[in-house]
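Engineer: Each chain is listed here by its residues.
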Amino acid sequence: MDTAVNQQLKTTTIKEIKKLTESTFIVRMDRLDLDFRAGQYLRVGLPNSIQMREYSIYSGENDDYLEILVKEILDGEVSQKLCHLKPGDALNFEGPFGFFGISEKDLQEKKFLFVASGTGVAPFHSFVRSYKNMDYFVLHGVRTVEEAYGRQTYNQDRYFLCTTKDKAGSFNGRVTDFLIKNRLDPEMLVYLCGNSNMIYDAYEILQTKGFSRDQIFTEAYF
Amino acid sequence: MNQSDSERISHVIEEMGYRKAVSEEEADLLGVLSCSVRQKSIDKVYSRIAKWNKWKRKKSLVTFVSGCVLPADKEKFLKLFDIVFQPSEIKQLPEMLSQYGVASSYSVEQLYPGLEKREIFDFWQVDPDYQSGFYAYVPIQNGCDKFCSFCAVPYTRGREVSRSSGEIVEEIRQLVNNGYKSITLLGQNVNSYGLDKKGEEISFAELLRKIGRVTDESGKECWIYFTSPHPRDMTDEVIEVISQHKSLAKQIHLPLQSGDERVLMRMKRNHSVEKYRSIVDSIHKLIPEATLFTDIIVGFSGETEAQFENTRKAMHEFKYNMAYIAKYSPRPGALSARWEDDISNDIKKKRLEILTDELKKHSFEYNKTLIGKTLRLLVYGADKKQGYMTGLTEGKLTVRFPSTEYSLKGSFVDVKISSVTPFAMEGELIPDNTQKAENIISYGAEDCI
Numbered sequence: 001m002d003t004a005v006n007q008q009l010k011t012t013t014i015k016e017i018k019k020l021t022e023s024t025f026i027v028r029m030d031r032l033d034l035d036f037r038a039g040q041y042l043r044v045g046l047p048n049s050i051q052m053r054e055y056s057i058y059s060g061e062n063d064d065y066l067e068i069l070v071k072e073i074l075d076g077e078v079s080q081k082l083c084h085l086k087p088g089d090a091l092n093f094e095g096p097f098g099f100f101g102i103s104e105k106d107l108q109e110k111k112f113l114f115v116a117s118g119t120g121v122a123p124f125h126s127f128v129r130s131y132k133n134m135d136y137f138v139l140h141g142v143r144t145v146e147e148a149y150g151r152q153t154y155n156q157d158r159y160f161l162c163t164t165k166d167k168a169g170s171f172n173g174r175v176t177d178f179l180i181k182n183r184l185d186p187e188m189l190v191y192l193c194g195n196s197n198m199i200y201d202a203y204e205i206l207q208t209k210g211f212s213r214d215q216i217f218t219e220a221y222f
Numbered sequence: 223m224n225q226s227d228s229e230r231i232s233h234v235i236e237e238m239g240y241r242k243a244v245s246e247e248e249a250d251l252l253g254v255l256s257c258s259v260r261q262k263s264i265d266k267v268y269s270r271i272a273k274w275n276k277w278k279r280k281k282s283l284v285t286f287v288s289g290c291v292l293p294a295d296k297e298k299f300l301k302l303f304d305i306v307f308q309p310s311e312i313k314q315l316p317e318m319l320s321q322y323g324v325a326s327s328y329s330v331e332q333l334y335p336g337l338e339k340r341e342i343f344d345f346w347q348v349d350p351d352y353q354s355g356f357y358a359y360v361p362i363q364n365g366c367d368k369f370c371s372f373c374a375v376p377y378t379r380g381r382e383v384s385r386s387s388g389e390i391v392e393e394i395r396q397l398v399n400n401g402y403k404s405i406t407l408l409g410q411n412v413n414s415y416g417l418d419k420k421g422e423e424i425s426f427a428e429l430l431r432k433i434g435r436v437t438d439e440s441g442k443e444c445w446i447y448f449t450s451p452h453p454r455d456m457t458d459e460v461i462e463v464i465s466q467h468k469s470l471a472k473q474i475h476l477p478l479q480s481g482d483e484r485v486l487m488r489m490k491r492n493h494s495v496e497k498y499r500s501i502v503d504s505i506h507k508l509i510p511e512a513t514l515f516t517d518i519i520v521g522f523s524g525e526t527e528a529q530f531e532n533t534r535k536a537m538h539e540f541k542y543n544m545a546y547i548a549k550y551s552p553r554p555g556a557l558s559a560r561w562e563d564d565i566s567n568d569i570k571k572k573r574l575e576i577l578t579d580e581l582k583k584h585s586f587e588y589n590k591t592l593i594g595k596t597l598r599l600l601v602y603g604a605d606k607k608q609g610y611m612t613g614l615t616e617g618k619l620t621v622r623f624p625s626t627e628y629s630l631k632g633s634f635v636d637v638k639i640s641s642v643t644p645f646a647m648e649g650e651l652i653p654d655n656t657q658k659a660e661n662i663i664s665y666g667a668e669d670c671i
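Taken in sequence, the protein lines are chains Y and A.
If you read the first sequence in the numbering used here, its first letter stands for residue 1, the second for the next number, and so on.
If you read the second sequence in the numbering used here, its first letter stands for residue 223, the second for the next number, and so on.
Source of the hints: derived by calculation from the structure; they are not laboratory data.
Quick caveat: nothing in here was measured; it's all calculated off a predicted structure.
Note that beta-carbon positions come from the ideal geometry of N, C-alpha and C, so glycine has one too.
There could be a bad hint or two in this list.
Where chain Y lies over chain A, by a calculated footprint (3+ residues, C-beta under 8 Å) [stated by the list, open to error]:
#, region
1, 364 to 371
2, 551 to 563
Chain A is nowhere near these chain Y residues, computed Cβ spacing over 12 Å in every case [claimed, not checked]:
#, residue
3, Glu16
4, Ile26
5, Cys83
6, Glu94
7, Lys110
8, Met134
9, Asn172
10, Leu184
11, Ser196
Simulated coverage check for chain A against chain Y, where a stretch passes if three residues somewhere in it have a Cβ under 8 Å from a Cβ of chain Y [as the list claims (entries may be wrong)]:
#, region
12, 292 to 301
13, 484 to 496
Next up, chain Y with everything else stripped away, as it sits in the complex:
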């Protein structure tokens, strides 16, 4: 019996699993003509399983493949299985969903500050791959430099890696420390993605620096 949910389900084929660190990897799959806006996410699950998880799309709007950035979670019911997939395997997904995008008007007129913790950089990777003339800065918070997922994608003059466990990044400390210590263009639109605590703290700092709520866009992962 078809259900409303199953009607939305698509089955794709894995093209590649690209390991980035011990616990983080990119899943590349057939795009199946999926139309999406950078910043949106998919719900992903294994065939014959009812467990699905949300992952922001990592690839760009014009790429002929679809990618998600996955961090293996201890006891994670989906991520643990995703890392064992091989090219040719099937994968189910639903979507795209979400409103964490950039409007055409803003793309033409605004500057952007993208602030991410960990795999929260995925939608920003998609933004940068999709919009070549965008005026942006990426602020990526991780523990060590190995977690600088996809850093080569960004214009290095516009990419700030904040590391807390080593000093190999461009800034030693959290992204929130960076926000406190640096002058920010008050006209920028700020996109925050990752864990809720980072988002809350960054929101407070931005408020004290005069940013209005309308300038701040958020996507909380957990």
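We have chain Y; now place chain A onto it with these hints.
Structural biologist: Chain A in isolation, oriented as in the chain Y frame:
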């Protein structure tokens, strides 16, 4: 939403030759429409089917479940119920029932020779068996694309789908012509109407305008409501249209969920408190007499005292007439169900009490301004208080008045308010005024608190 679904499912079942049983115990066929918004509702489904399955040991009984059913629940339900189906699969219900050997003279081909089943049983085209002769629910939209982190509806009802505006307006026209006096447009996000069919279907504001025009021009008195809108898609145009049509009820249900920006971010509501405030400002400016209702969740995952305090302040600021306040309960399938439910039940209960007190304060103040005024009511029936009838104002405020004239049920009457409590009012019936619309005393901007 489930009431509207049940009216259509009832119609299909009655078309098969079934009649409503006097009591649950006497039924041969029992079903339940589940709701996935909160775990508590699903728990009730499990408790009910446990009871029915005990009865099945002693009698012949067929059970079904429909409504919002998550894939995980569906797997469990399949083991407990005889039939599990989505509302959109209603066309298959007669066949499913016949497979369970229930005696029925029903045959799709006999009833509708030459027609495709799909055409007949498209869910929205099924005539509902309205549960009342004077108020009705009309679905205009199904599903949700918003993916709030606390809610599983997008996974159970699927994406937003708008019903044809022609079909909706026709259903309203028939209801109004048949003397219905209160009609509620239903959808998970009613004001997202048409967004799934951009360019092919009209917007929610345009739909409201058409409905308002049809109802106003009918010359009959009828109040048109809608629930629930999402603040993200609420426009000034919608509020303007409500202000321009007499039949569009001056009552807005606008879910807030939380008055704290951080909690709204975590709930993935995709709007700010500021956006919500601007909508309320527009309502006050364009429809000053409108009553305001809301939904609020207390004790959401990670909600701090300071964040809760912002919700209390928001309740103070927006001065709701009614709020449906729920203690957060994680719903399997929703994103937040994987986050820690770290607020104790005692704290949730306390926060619920604080907000209820805040609500009472404002609703009481508002109701007090109505003492001595004459309000138009739609009478719903006998009140719990002996010798009284009860009804709702256009703003959905409860009023009771001394009367044993049960024939007033389903009629408009005017009542002069004599006393009030936070959630109800009492007054005297103004004689010989049923069905008259001219004598309504509207309470204007200066009366609003």
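Engineer: A separate judgement is required for each hint: does it hold in the structure or not?
Structural biologist: Structure-based check of all given hints:
With 4 residues carrying a beta carbon less than 8 Å from a beta carbon of chain Y, the region 364 to 371 of chain A meets the three-residue requirement, and the given coverage holds. Using a Cβ-Cβ cut-off of 8 Å, 3 residues of the region 551 to 563 of chain A lie near chain Y, which meets the minimum of three, so the contact claim holds. At roughly 27 Å, the least C-beta separation between Glu16/Y and chain A is larger than 12 Å, which holds for a residue marked as non-interface. The Cβ of Ile26/Y sits about 22 Å from the closest Cβ of chain A, beyond the 12 Å cut-off, so the non-interface label holds.
Against chain A, the non-interface label of Cys83/Y holds: every CB pair exceeds 12 Å, the least being about 19 Å. The Cβ of Glu94/Y does not lie farther than 12 Å from every Cβ of chain A; its closest approach is about 9 Å, which violates its non-interface assignment. Distance check on Lys110/Y: its Cβ is at least 18 Å (rounded) from any Cβ of chain A, clearing the 12 Å threshold; non-interface status holds. The non-interface label for Met134/Y is consistent with chain A: the shortest C-beta to C-beta separation is roughly 22 Å, beyond 12 Å.
The beta carbon of Asn172/Y sits about 27 Å from the closest Cβ of chain A, which is more than 12 Å, so the claim that it is off the interface holds. With a minimum CB-CB distance of about 19 Å to chain A, Leu184/Y clears the 12 Å threshold, and the non-interface call stands. Remark: the non-interface label on Ser196/Y conflicts with the geometry, its nearest Cβ contact in chain A lying 5 Å away (cut-off 12 Å). Residues of the region 292 to 301 of chain A lying with their CB closer than 8 Å to a CB of chain Y number 4, which satisfies the three-residue condition for coverage.
With 8 residues bearing a CB less than 8 Å from a CB of chain Y, the region 484 to 496 of chain A meets the requirement of three and the coverage assertion stands.
Going down the numbered hints, you'll see the structure goes against 6, 11, while the others check out.
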